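Protein chains in written order, with my numbering: chain H, 1 to 136; chain W, 1 to 628; chain D, 1 to 470.
Just so you know, the hints here were simulated from the structure itself, not pulled from any lab data.
Since this is a predicted model, take the numbers as computed values, not measurements.
Straight line, CA to CA, 25 Å or less: simulated DMTMM-like cross-link-like pairs of lysine to aspartate or glutamate:
1. W:Lys-176 with W:Asp-118
2. H:Lys-124 with D:Glu-27
3. D:Lys-417 with D:Glu-348
4. D:Lys-93 with D:Asp-340
5. H:Lys-123 with D:Asp-28
6. D:Lys-284 with D:Asp-347
7. D:Lys-93 with H:Asp-128
8. D:Lys-142 with D:Asp-347
9. D:Lys-284 with D:Glu-423
10. H:Lys-124 with D:Asp-28
11. D:Lys-284 with D:Glu-348
12. H:Lys-45 with H:Glu-55
13. W:Lys-177 with W:Glu-167
14. D:Lys-417 with W:Asp-587
15. H:Lys-124 with D:Glu-148
16. D:Lys-284 with W:Asp-587
17. H:Lys-123 with D:Glu-27
18. W:Lys-591 with D:Asp-285
19. D:Lys-142 with D:Glu-348
20. H:Lys-123 with H:Glu-85
21. D:Lys-425 with D:Asp-285
22. D:Lys-417 with W:Asp-583
23. D:Lys-417 with D:Asp-347
24. D:Lys-142 with H:Asp-128
25. D:Lys-142 with D:Glu-226
26. W:Lys-591 with D:Asp-347
27. D:Lys-417 with W:Asp-578
Here are the simulated distance ranges between beta carbons:
28. W:Ser-596 with D:Leu-439: 40 to 46 Å
29. D:Tyr-180 with H:Phe-104: 26 to 32 Å
30. W:Gly-569 with D:Tyr-410: 29 to 35 Å
31. W:Val-614 with D:Ala-342: 29 to 35 Å
Computed far set for chain H versus chain W, every beta-carbon distance over 12 Å:
32. Glu-49
33. Glu-106
34. Ile-115
35. Phe-119
36. Asp-128
By construction, the Cβ of each residue, glycine as well, lies at the ideal position given by its N, Cα and C atoms.
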Amino acid sequence: MQPIVDPFPLSPWIPGPFSLIAYAFAVAVITAILLFVSSWLGEKKPNPEKLRPYESGVIPTGTARLRFPVPFYLVAIFFLIFDVEGAFIFAWAVSAESLGWTGFLEITFFIFVLIVGLFYVWKKGGLDWRPQRTRK
Amino acid sequence: MTTTATLSDPNVATTLAACAAPLLAFAAIFLGARRFARLSAGLSIGAVTVSLAGAVFLLAANWHAEAPQVFSASWLVSDAVRIPVGVLLDPISLLMMTVVAVICFLVQIYSLGYMAGDPGFSRYYGFMSLFAWAMLSLTLSSSLFQLYVFWELVGLSSYLLIGFWYEKFSASQAGKKAFVMTRAGDVAFMLGLFVLLVGAGTLDVTAVNGPAAARMNPSLITLSALLIFGGIVGKSAQFPLLTWLPDAMEGPTPVSALLHSATMVAAGVFLFARLFPFFRQSPAAMGVFLVIGTVSMLLSSTMAMVSRDIKQVWAYSTISQLGFMIMGLAAGSFFAGVFHLTTHAGFKALLFLCSGVVIHALDTNDMFEIARKKGRRLKLAMICMTLAAAALAGIPPLSGFFSKESILAALAALDNPIWLAAALLGVLLTAYYAFRLIFIILFPRPELVQPESGRGHGSGHGAGTAMGSALVVLAAATLALGFAAAPLARFLSGDPAAAHPGPHLPWLPYAGIGLAAGGLLLAWFEFGRPAADQKGFVERVPALAALFANRWYIDVFYARLISRLVDRGLAWLCAKTDQRVIDAGLDAASKHIIRSSGVLSALQSGMIQHRLLVLFAVVVMLGLYFIA
Amino acid sequence: MNWMAFTPELTYVAMAAVFLGLSMAREDHRRDFHTALVFSAVGVGVSLASAGVTADLFAESYRVDLFSQVFKVLLACGFFLVVVLCNELSGVKRRLHPEFYLLLTTSTLALMLLVSSVHLLTIYVSLELSSYSLYVLVYLRKNRPRRESTVVHYFLIGASASAVMVFGIALLYGSTRTMYAVEMARVLPSVISQPAAAIGFVMTLAGFFFKLAVFPFHFWAPEVYEGAVNQLTTYIATASKAAAIALLVRLTALGDSSAALAQVLVVLSIVTMTVGNVSAIVQKDLKRLLAYSSVAHAGYVLIGILSMNPAGYAGAVFYSAALVTLKFTCFMVLVKVAADGANITVDELAGLHKRSPILALALMLSLFGLCGIPPTIGFIGKLLVFTAAVEKGYFTLVLIAMINVVISLYYYLLVLKAAYLTEPKAGLPPLPVSAGDRLLAGTLIVLIVGIGFYPDPVIQIARSAAAVLL
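In isolation and in its complexed conformation, chain H is listed as follows (with noise of 0.2 Å):
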């Protein structure tokens, strides 16, 4: 590596291996002190509604680890992937009159694939976001 010309003349530092390393070691020894100094030195006394989650004020009620229904899961894929097709197509939009007709049948060709993909999903039931028990 280059060394850092320092126009200050008061610290020549040349990086190399060895500082990093001292460097990485030093981090984690502070942050192992400052955590475990925090934590023996600090105030604990626990009681069951300090263990409590916060949940903004509200009285927490049944598990933390429920199911999240998996359509939400499937919009928010979905909503990338339209997503990310917007971007492609507003990049191309820009310089729509440059690309001429090639780019134009390639901006076809990707918009096609992702109808074939798009039409996929609806006849595999991927669109059906009813409950399980209420599909046909």
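Given chain H's structure and the hints, the job is docking chains W and D onto it.
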């Protein structure tokens, strides 16, 4: 001096087809056709016919070829090391290929009759095809590495065929013995190849025989030649690894004819001939080879003099004739050794096939038993056997006479007359033991002959058409091959004069004939003439007879050696080291590894947070590494 | 624009479209299987037909060359073989079969795009497409308790790796001012000594470390292998690994001259193979065991890559082909044995040689191949990779790898012991193995042993593919 051929060359294409056909037959038999005995035999014989046609075509096409042809492809390339596979067509490989194909073909035809009704009929033909493939490929290999691979495959098929009747305990034992003893030689062979690779940097046959060896250190040449010769000793059952061959006669008789006389055991001699120019670079090694050939030749002749089992007699004679070939080669005459190899393949296969007919008909291996059961009534077999025995003994004008004469001529050219003397003694002994067997069977002692039994054994149950035709073809070859000496010499070394190596000694042929006749007469005197008591001169000296019959106690020596040195000494030491050091160490190591495995996998199946922590920590450390 | 060069990918786009349509049509799993079979076979044909094509497409961000085409053929074959195994796809609900094939297709398509990409953004987008397909695929396993947790783990680790990778790409762009690989190959050697560039480079590789399951991005492997449908696990272990190896080779070839980079890879390689092999020993579940074995193999592949010489790259390419063959064979046996689509433990293989000899033989050969016992394709792969490393002087590394191979022998042999030496539980019938399965198993056996005996043509292909990069 070699021409490089491509795949489209008719020679190469024919060669590949000739080699591949038996392999395909083998695969087909074991994959599907096994349940259909006739189909299996048909496949196998069809394949070997293709090979035979290919071999004959190649021999005819290359009869006047000037330079050897090489076709090679890369099998494995790893930067500097290139391991080629290929085909080398030169006189010796073409000749050997033809011999192998002819004998394979005849023996397979013969087996149609011999093996008929055997429950393992298909398996037999499958193994025969495997052997044909391996043996043909061995003769054509262009590199010693490839040759070694097929050498081992030939050993494997030999093992499978010796132990073919595996339900017989002695057969499976004999298979094992053959496998282990030849393996001992092969280890030396492989070491020799390593030495050669280190010294010459190549295992290519033409290179080893030519320029590469010239660059080698002479002592390295001798070392590698001796080690490679170890493989030859094992495969050709030479001294001191000669005892496996007589035991190998446990296999079906056609197998003995094919593998253990005509082709496979001759592979050792073939290897000698293949590397002949290389071996000749080391006079010291050639001297050792000469000694080993002579010793094996004489030892096995003496063993053959007392054996009562006809197949064993021919087995001993095989060892002894192989010894002759090695003597011829080691004396410096390429032609003499190879010529004897060719003629021997013919008459020895004939001998075995005739014995097969006799054994098949009379159901016994013992020659006195055969005589008692009127073996001489099997006319065709007995005529052929006598003819072949005469060739073996070196009686003119049969093939064995000519080839043995050229070996004797080669030995006569040496400075030391002892080799020639030993060979002449060998000629005498050969004639003696060969005709001992013939006379015992032909002229049974009248008082021992069984009265006529009403059973079908005897003349009516001789050789069938399949078996008979093979005998006739081989007998014709035995009669004719001797006169092919001059053209063969021209083919092998480009010089018809090579048929008569060494100085021209007019008395030598007469000495050879005279000694052979002497042996014959001695055998007649002791076994043939009506008043003979059929007891050989060796058997009158009990100690000598016991020595010969027990194979000079070579097997006993091995058994002692193995039990003393290996079982109680080395093996004990190794076992202790194994238990105390290696096993204990390994046990401890594995115990710890298994325990750490548990810990480690527990570490890796923790919570996702921890894993991610490790992940990012490693990334941070990698970053730190780069800054540093 | 040369559309011919793009036909393999277009075939898979068409296949994906067809399955999207089928997913909205009436439920018929045989129709789905046969359609997939036909399409993937066509895919293999098309990839083979376009194997020799070279082209630069899409404003030079996409390169079709011998390297990419070799891997495309490999991917197409892997995909086809996985589809063949889907004959009885009992681990997935029938009405979801079209989706299964659809996502498998998009993943393959993404991997094909990946091996041809030479622009950092194309690489990233293709990698993500393949990863996302796999995340969803893993979830499709039916009757699997806690499958959500498996997927979330997979996703989190994958997302972390992606994050690291994107950060690395940013750093790399900052120091080289380019996203094109060709440009980067020119600029990088002069800046690779700067920490920012080097860190950026290693972090960029992180995405592929994740795919290949290299330490520390390997944590997903055992769980995902265990949790996914058997056929999907096969796919993850074969095709997706091959593509990851391809990209690692392509990217490492850019930062060629960095010794520090090689050092980092050496460390990662050693840790990866050791962790993989040692952890595999105690596994009971066969798929988990194979997952750890995959981790170990990732370590071996890294050896070839970090050698940074032509032999090493060629070795890595060969190794990927070997891995596809061997792992597929293992999983084929697994799928056939676990006919109801369940996971099987090692003990459940008991007596396989009696229940189905050919499957047992295939399993044995593939495990031998994974150990690297000659004469199998796996042995040649290890040989190439190790010799490349020795050429560069990494003796210690190769020695450690050898020790690892010995350790791995232990658990592979445990599996074999179960298959060959243990008697089957009473009452287990012989496995029904159809003629097609026999043919497939036979072909794989011939491939494993045949290439082990005569590897030269494949080595030549790997070598010329790797030569394109340099």
